[in-house]
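Novice: One letter stands for each residue in the lines below.
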Amino acid sequence: MSDTLSIVMFSGTADKLHAGATLAAGAAAMGRPVNILLQYWALDAFRAERVEVDHGLAYDSMAPGASKPVDGTKAIPWLDTFRMAKELGEMSIYACSGSLEVLGIDIADLDPLVDAAGGIATFLMTAEDGQVLFI
Amino acid sequence: MSDTLSIVMFSGTADKLHAGATLAAGAAAMGRPVNILLQYWALDAFRAERVEVDHGLAYDSMAPGASKPVDGTKAIPWLDTFRMAKELGEMSIYACSGSLEVLGIDIADLDPLVDAAGGIATFLMTAEDGQVLFI
Amino acid sequence: MSDTLSIVMFSGTADKLHAGATLAAGAAAMGRPVNILLQYWALDAFRAERVEVDHGLAYDSMAPGASKPVDGTKAIPWLDTFRMAKELGEMSIYACSGSLEVLGIDIADLDPLVDAAGGIATFLMTAEDGQVLFI
Numbered sequence: 001m002s003d004t005l006s007i008v009m010f011s012g013t014a015d016k017l018h019a020g021a022t023l024a025a026g027a028a029a030m031g032r033p034v035n036i037l038l039q040y041w042a043l044d045a046f047r048a049e050r051v052e053v054d055h056g057l058a059y060d061s062m063a064p065g066a067s068k069p070v071d072g073t074k075a076i077p078w079l080d081t082f083r084m085a086k087e088l089g090e091m092s093i094y095a096c097s098g099s100l101e102v103l104g105i106d107i108a109d110l111d112p113l114v115d116a117a118g119g120i121a122t123f124l125m126t127a128e129d130g131q132v133l134f135i
Numbered sequence: 136m137s138d139t140l141s142i143v144m145f146s147g148t149a150d151k152l153h154a155g156a157t158l159a160a161g162a163a164a165m166g167r168p169v170n171i172l173l174q175y176w177a178l179d180a181f182r183a184e185r186v187e188v189d190h191g192l193a194y195d196s197m198a199p200g201a202s203k204p205v206d207g208t209k210a211i212p213w214l215d216t217f218r219m220a221k222e223l224g225e226m227s228i229y230a231c232s233g234s235l236e237v238l239g240i241d242i243a244d245l246d247p248l249v250d251a252a253g254g255i256a257t258f259l260m261t262a263e264d265g266q267v268l269f270i
Numbered sequence: 271m272s273d274t275l276s277i278v279m280f281s282g283t284a285d286k287l288h289a290g291a292t293l294a295a296g297a298a299a300m301g302r303p304v305n306i307l308l309q310y311w312a313l314d315a316f317r318a319e320r321v322e323v324d325h326g327l328a329y330d331s332m333a334p335g336a337s338k339p340v341d342g343t344k345a346i347p348w349l350d351t352f353r354m355a356k357e358l359g360e361m362s363i364y365a366c367s368g369s370l371e372v373l374g375i376d377i378a379d380l381d382p383l384v385d386a387a388g389g390i391a392t393f394l395m396t397a398e399d400g401q402v403l404f405i
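Residue numbers (our numbering), protein chains in the order written: chain U, 1 to 135; chain V, 136 to 270; chain A, 271 to 405.
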């Protein structure tokens with residue numbers, strides 16, 4: 001079976017983007033191809049004009065007594081970790097064409113780390129029979 | 136290995152329901168069997184009396200500067216896309232018996248798109264060794 | 271291929287912890303090895319001093335007209351279900367070393383159900399080519 005790791009990256013908070021990026025980097029470091037489809041809020045986080053802002057934390061972080069990120073949310077290196085994953089191995093990042101349309105985003109407005117627009121069919125075909133995560 | 140795509144559909148916001156529905160429809164269009172288990176808020180969204188309301192967006196959408204759905208949240212066609220997936224191929228939608236109990240929902244109160252109640256064991260057996268997503 | 275079920279457990283609300291625990295218990299009951307990596311808010315929920323508090327529900331539960339857990343949130347037996355999964359079969363729970371660092375948590379402060387600290391590479395290697403979920 002395929003050893004490609006495929007991730008539908010839906011969430012746009014720094015912690016979940018970081019979780020996705022570390023899984024991508026881990027797989028890339030092991031020599032596995034990585035196939036990422038950006039949807040909705042993850043796609044929105046990759047807009048060039050927003051990529052460096054503080055993307056906040058998941059709702060779960062607001063529970064009473066929850067721990068706080070030691071160095072603050074802004075320091076969570078999700079974008080750098082995606083960059084590193086791309087340098088480490090073979091990783092493609094596609095912007096979901098359906099989500100681009102729903103949110104009215106132009107592919108030209110995204111960070112250059114994004115390779116191209118792509119649909120669900122292309123994503124599933126690239127994933128083949130390998131592992132797929134939804135984050 | 137099995138080419139069935141299995142999805143534990145947990146989330147109840149329109150954007151995540153839509154993400155699940157488009158993956159289901161994409162797999163069905165490719166001739167793959169689709170196996171869905173509705174838990175918690177996705178199950179709650181399939182109650183017949185709620186299925187047409189505005190199910191809102193994930194918490195991530197509230198980030199400062201986030202994009203908005205161009206046609207509004209109510210226009211995100213998650214239910215139509217699940218219907219289409221069922222017409223396109225072989226898709227079963229089960230209501231998790233544990234979640235029905237926790238939320239006090241009767242199977243008779245769900246939209247007719249839901250086939251039956253089912254448990255985790257049945258879901259995992261139907262998934263066989265194919266891809267599984269949690270949304 | 272491997273029949274191990276691997277779960278990146280990221281979310282820290284009682285409903286999502288419960289969803290992860292029931293999948294883990296279901297797989298364990300079927301004789302499958304279960305491999306869990308705790309990240310961020312799921313890791314935080316396993317701190318010994320917080321493990322028994324009310325961990326609340328996902329943001330989706332706040333939608334207008336949403337159902338409520340019949341016996342309240344505190345009664346959702348996520349920790350007991352993880353305990354049961356461990357008694358039923360072969361389950362390992364690792365605390366993500368990256369998340370421990372980001373949140374400033376010491377491994378000694380976690381519930382004894384957590385076996386050890388571990389990284390992404392170990393998680394992916396243990397997962398082999400089996401099913402992987404992100405919750």
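For the record, the hints were derived by calculation from the structure and aren't laboratory data.
Here a beta-carbon is modelled for each residue, glycine too, at the ideal position from N, C-alpha and C.
Just to be clear, a hint being listed does not mean it is correct.
As the list claims (entries may be wrong) - Chain A side only, calculated, beta carbon under 8 Å to chain U, not exhaustive:
id	residue
1	283
2	311
3	329
4	333
5	373
6	399
Stated by the list, open to error - The list that follows gives simulated cross-link-like pairs (lysine-lysine, DSS-like), each with its CA atoms no further than 27 Å apart:
id	chain 1	residue 1	chain 2	residue 2
7	U	74	V	221
8	V	209	V	221
9	U	86	A	338
10	V	209	A	344
Claimed, not checked - Stretches of chain U that chain V covers, calculated by requiring three or more beta carbons in the stretch to come under 8 Å of a beta carbon on chain V:
id	segment
11	3-12
12	35-42
13	98-109
14	116-125
Novice: It remains to establish, for every hint, whether it holds in the given structure.
Specialist: Do the hints match the structure? See the list:
no., hint, result
1, 283, "holds, 6 Å"
2, 311, "holds, 4 Å"
3, 329, "holds, 4 Å"
4, 333, "violated, 13 Å"
5, 373, "holds, 4 Å"
6, 399, "holds, 6 Å"
7, 74/U x 221/V, "violated, 43 Å"
8, 209/V x 221/V, "holds, 21 Å"
9, 86/U x 338/A, "violated, 44 Å"
10, 209/V x 344/A, "violated, 32 Å"
11, 3-12, "holds (count 4)"
12, 35-42, "holds (count 3)"
13, 98-109, "holds (count 6)"
14, 116-125, "holds (count 6)"
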